[in-house]
Structures are given as C-alpha cells and as structure tokens.
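Novice: Everything in the sequence shown is counted per my numbering, starting at 695 for the first residue and increasing by one.
Be careful, since some hints might not be right.
[As the list claims (entries may be wrong)] Label-pair distances were calculated between CB atoms; the ranges are:
#1 Asp862 x Ser913: 26 to 32 angstroms
#2 Asp856 x Val754: 47 to 53 angstroms
#3 Gln900 x Arg766: 32 to 38 angstroms
#4 Ala797 x Asp961: 26 to 32 angstroms
[Claimed, not checked] Within a straight-line C-alpha distance of at most 30 angstroms, the following computed BS3-like cross-link-like pairs (lysine-lysine) qualify:
#5 Lys799 x Lys981
#6 Lys988 x Lys730
#7 Lys760 x Lys988
These are computed hints drawn from the structure, not numbers from a lab.
Note that the Cβ used here is the ideal one computed from N, Cα and C, for glycine as well.
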Amino acid sequence: MGAEWSCGLSALDWSLFSCSRSAEPESDNLALVFIKPRACTPAVIALVSERLCRGGLTIVESGEVKSEDIERKALVERHYHSISSKASVLSPRALQFPTALFAAKFGLRWADALERGEVLSASEALSRFGWSEEQLSARWDIAVWRDQVAHLGSGFYVGRLDLDGGSDIFIVNGFWPRMRRRFVTPGGCLKWFVVRFDARELSWAQFRADILGATDPASAPADSLRGTIFAHWRELGIAQEPSLDDNAVHASASPFEGLAERCTWLDRYIHQDGYGAYLLRCGLNYKTLLAWCKNPSIDGVPVFDLFQDMDALPCAAAAVELEARDLVVTGGRSIS
695 MGAEWSCGLS ALDWSLFSCS RSAEPESDNL ALVFIKPRAC TPAVIALVSE RLCRGGLTIV
755 ESGEVKSEDI ERKALVERHY HSISSKASVL SPRALQFPTA LFAAKFGLRW ADALERGEVL
815 SASEALSRFG WSEEQLSARW DIAVWRDQVA HLGSGFYVGR LDLDGGSDIF IVNGFWPRMR
875 RRFVTPGGCL KWFVVRFDAR ELSWAQFRAD ILGATDPASA PADSLRGTIF AHWRELGIAQ
935 EPSLDDNAVH ASASPFEGLA ERCTWLDRYI HQDGYGAYLL RCGLNYKTLL AWCKNPSIDG
995 VPVFDLFQDM DALPCAAAAV ELEARDLVVT GGRSIS
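Input sequences plus hints: build the corresponding full structure.
Specialist: Rendered as structure tokens:
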C-alpha cells in the first residue's frame, strides 16, 4: 500500500483517529449505540442521551432509520448476518460446527438428523408446514421453556420443536422471523448514536458492563441503560417489558464491530469511517476489512469474538497481526 496509508505498529498512538491527515483527531474508542424500534419512545431517547453523556461519552452524531427503510435495505439482515443467514439463506447441511455439541444436547448425531430430513432452517419450516411467524415463535418459545434449544456457535441455535401428531423437528434459529419483524413493522424507527470515549478513562469492557448493561436486562446493573429501562419501561412508554431477546438497546461489542455497524446503519464505506480509515492507514487490506464486517469465522472463531471488549488501539494491533498471520500461515484459506 502507499506510504500515506500505512503505519507500523510502533506508530500506533492516540492521535491518528481521523479520516484524513488534516482533520481534527477523534477519540480512541468509537461505538454505535441504537434504540430498538419497540423501545424507541421520546422518553427512552432522552434517557439514553442523558446516560451516555453522564457516563463521560461524547455523542458525535445521531439519527434515525425508519422501519420501512430497514426492510427495504435489508439492514437488520446485514446487522445480524450470522443469525439471518442461517435462518433463511444457508442450508443446514452447509453449517459447520462441533457436531458433538448437538449430540450431547439431543442424544442424536447431527449427520443422522440431516439424513432423516429432520433439520430445517426457520424459512424452510415456515414453507414446509405453512406456519405463520407467530406459530413458529410459539413453538420455539415452548422449546426454550422445555430446555430444548442448543447454542451451537455464533448466531447459531437449534431447537427441537413439537409437531402435531407427536413427532418433532429440529429448527435452526427459529426465533429469527419474530426478531426481524420487530425491526421492520411499518411505522417504527431505530434511533442511533455514534459515541466516542477515551479508553484511558473508560474501557470498552466497562462501557458494555456499566453503561449498557447485561444482555438480559433483568440482571443488568440498575444504573445501566438496560437496567434502568427494564425497571421503568411502563413510565418510558414501552408497550412490553424488555426481555433477553428484545432488550431495548444495542451497543457495539468492540471497535471493529462498531465499524461494521456504522457501515450498515449509517450507509457508509469503510474508508469514510474514522476507525475504518485508521485501520487502512495501519496497512490492513480493504477487502479483508470488507470480508470481516460479515463476521466470518477464522479457525473456527467468529471475527467479532476475536476483538470483543478490546479498546481501539489493541484492536487495531490485533487486526494487523491477525491478517498477517492468516495470509502467511494459511494463505487466507482459514476464513469461512
């Protein structure tokens, strides 16, 4: 790459997070926070803005995306690519994972279940059985209640669902149609915030644990966003109590995930993002970053998981090292 785009790891410092050499530098950590459509009320927007600022974060910019645009541009499918692709695009036969996990949970070999035709994606189930999204969701909820759902990998869940007549079927990501519907129901919108914060004062792990709160809002700290919204959802104008699968607020799990999410929701290219431009200047290949934004697995581990909770500078260093190792050791063939 040209000299103006690259920097050695020794040059990583606090002043390089700008889209061009002449721009004012941005702070080190840059995340995306958004309020999910079912929780997007004026009171929640005000609460989120206040809590972010009180936590020492700077709101760089904000905006909204209407549900109709979310559906038209397939934004929720892009954001939850790992989940949506397994639920509606990929055949169960194409999924790769430690199959012993399936056998340990259900007492049946994955290969045998496939051979019997007993494994379907969520979209295949809707088509084969003529179920509505609500009917599939109801059966999935029963499977969850009966502890008949296995987590087999990133964005990969399989549930054993009862069929009429006493038999059963295995469904991949049967929760997805309902999850998607919550984002695309006409009349709704998603409110987003780009926030920045100094890792020397607030680490990314602290940001997620203390400011955002646990994935399950019922167990989130009382002063966190999810904890506060869970405790006061009625006063905030939310129609239903937040839950594990609809927890009101999302935030990036790492600087790299933040880059991918801003490209999705703000409709930007990698080089138009402050952190994306910085990674390019550190020597990372544009095509590599583009591929990583879809959260592929490298040596069986999703890319997003490799960077989770890292601050921006360590994340950049890890990304440079990961690309170099993958290209030199495997020729880039370990990405799947």
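Novice: Run every hint past the structure and note whether it holds.
Specialist: Results of checking the hints against the structure:
1. Asp862 x Ser913: 26 to 32 angstroms: Distance hint for aspartate 862, serine 913 holds at roughly 31 angstroms.
2. Asp856 x Val754: 47 to 53 angstroms: At 49 angstroms between Cβs, range holds.
3. Gln900 x Arg766: 32 to 38 angstroms: Holds: the Cβ-Cβ distance is about 37 angstroms, inside 32 to 38 angstroms.
4. Ala797 x Asp961: 26 to 32 angstroms: violated (43 angstroms)
5. Lys799 x Lys981: violated (38 angstroms)
6. Lys988 x Lys730: holds (21 angstroms)
7. Lys760 x Lys988: holds (23 angstroms)
In terms of the numbered hints stated before, the structure departs from hints 4 and 5, listed from lowest to highest.
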